[in-house]
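This is what each chain is made of:
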Amino acid sequence: MTAEQVWDSMVALVSADPKQLKWSARERERRELNNRHNLAKMLDKTEPDLLFQASKLVSAAMKDQNKEFDQLRKELDVARAKDDKEKAKEIQRRLNASQRILRQTVSRCFYEAAKKSNNKEIQAQLAASAGDGPMG
Amino acid sequence: MNMMETARVDAKAASLNEKLMTRIKADEILLGIKDPRSAKSFENYRKTLHQTWSRAAALPSPAPRGHFLREFGQSDRDVIENASDEASVPQALTIMNGSLLSQITSGWPTFSLNLRKAATNEEKIDVLFLSLYSRPPTAKEKTHMLQTIESYASNKNLWEDITLAALSTRRFIFVE
Numbered sequence: 001m002t003a004e005q006v007w008d009s010m011v012a013l014v015s016a017d018p019k020q021l022k023w024s025a026r027e028r029e030r031r032e033l034n035n036r037h038n039l040a041k042m043l044d045k046t047e048p049d050l051l052f053q054a055s056k057l058v059s060a061a062m063k064d065q066n067k068e069f070d071q072l073r074k075e076l077d078v079a080r081a082k083d084d085k086e087k088a089k090e091i092q093r094r095l096n097a098s099q100r101i102l103r104q105t106v107s108r109c110f111y112e113a114a115k116k117s118n119n120k121e122i123q124a125q126l127a128a129s130a131g132d133g134p135m136g
Numbered sequence: 137m138n139m140m141e142t143a144r145v146d147a148k149a150a151s152l153n154e155k156l157m158t159r160i161k162a163d164e165i166l167l168g169i170k171d172p173r174s175a176k177s178f179e180n181y182r183k184t185l186h187q188t189w190s191r192a193a194a195l196p197s198p199a200p201r202g203h204f205l206r207e208f209g210q211s212d213r214d215v216i217e218n219a220s221d222e223a224s225v226p227q228a229l230t231i232m233n234g235s236l237l238s239q240i241t242s243g244w245p246t247f248s249l250n251l252r253k254a255a256t257n258e259e260k261i262d263v264l265f266l267s268l269y270s271r272p273p274t275a276k277e278k279t280h281m282l283q284t285i286e287s288y289a290s291n292k293n294l295w296e297d298i299t300l301a302a303l304s305t306r307r308f309i310f311v312e
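Protein chains in written order, with this note's numbering: chain A, 1 to 136; chain B, 137 to 312.
The shape of chain A in the complex, shown without the other chains:
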């Protein structure tokens, strides 16, 4: 019996509906793809010089983040060498946060570029996407 067969047998013991799809993960993927698709469409219509400026901002942010990342990695090595678990945990948390902040920075740079565009279609799309959500 393969691992998958044993696992499916156990799923049948727990779930009232073993054939139920992992719908929440699929829905999340669908939404993410949709968001990226929308962003890509906006970027396609944004003026090249605005995109160039955004790329330069992203580049600068990435350089800063890389420096911070290297510094944190060194601090993590020191904390691990000293077996300071609390410190290592804290640095790990900061490392994870810095990755998230970088992703947000990249999104923000290109979003701001799209906002500066003179293309009315883009402005309409931004307004429609924002709604009451976090894009506003």
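Be aware that a few hints might be false.
Claimed, not checked - Taking lysine to any residue and the SDA-like style, the derived pairs with C-alpha atoms no more than 20 Å apart in a straight line are:
hint	chain 1	residue 1	chain 2	residue 2
1	A	K22	B	H280
2	B	K148	A	V14
3	A	K19	B	S197
4	A	K22	B	H203
5	B	K148	A	A61
If you're looking for bench data, these hints aren't it; they were derived computationally from the structure.
Following the hints, put chain B in place on chain A, whose structure we already have.
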């Protein structure tokens, strides 16, 4: 502003279809759940169950390291034909100590509910065999099981222990 934030899905906030809600309500009665708070917990349990307990085909492949599937020989897909059906010590430890198995024997899974529905020990043994081995017990097995149950009647975790023992047998692993 982060567009990724909007992609989050809260399974607890999802509405359930009428058929599933009817079943949940029936199970709440079976479990003796009366207060609204416990009922909400049970409903959330059912809504979020699929996040852990989905069929292997619906899970990411390969599963993360340490997942049941990987411990039991799922391929890491680094090279072809990399799955394994060899028994290992971590597998035994997973069966004995893993949190997943305790979820099977806890109060709310389908198997536990079916055990609850069975009125007598004989019926419970039938449920156990049909659920785990897809066949009814032989007369010899049933007699042996009833004797065991009788001798451990004071054990509060009797059926949890029996289920874990039954799951740990080769009979569960092999298709007869």
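Hints and how they fare:
A distance of roughly 40 Å separates the Cα atoms of A/K22 and B/H280; the hinted pair therefore is violated under the 20 Å criterion. Only pairs whose Cα atoms come within 20 Å are accepted, and B/K148 paired with A/V14 is accepted, the gap being roughly 18 Å. For the hint pairing A/K19 with B/S197, the CA-to-CA distance comes to about 18 Å; that is within 20 Å, so the pair holds. Distance restraint check for A/K22 and B/H203: the Cα-Cα separation of roughly 17 Å lies within the 20 Å cut-off, and the hinted pair is therefore satisfied.
For the hint linking B/K148 to A/A61, the alpha-carbon distance of about 37 Å lies beyond 20 Å, and the restraint is violated.
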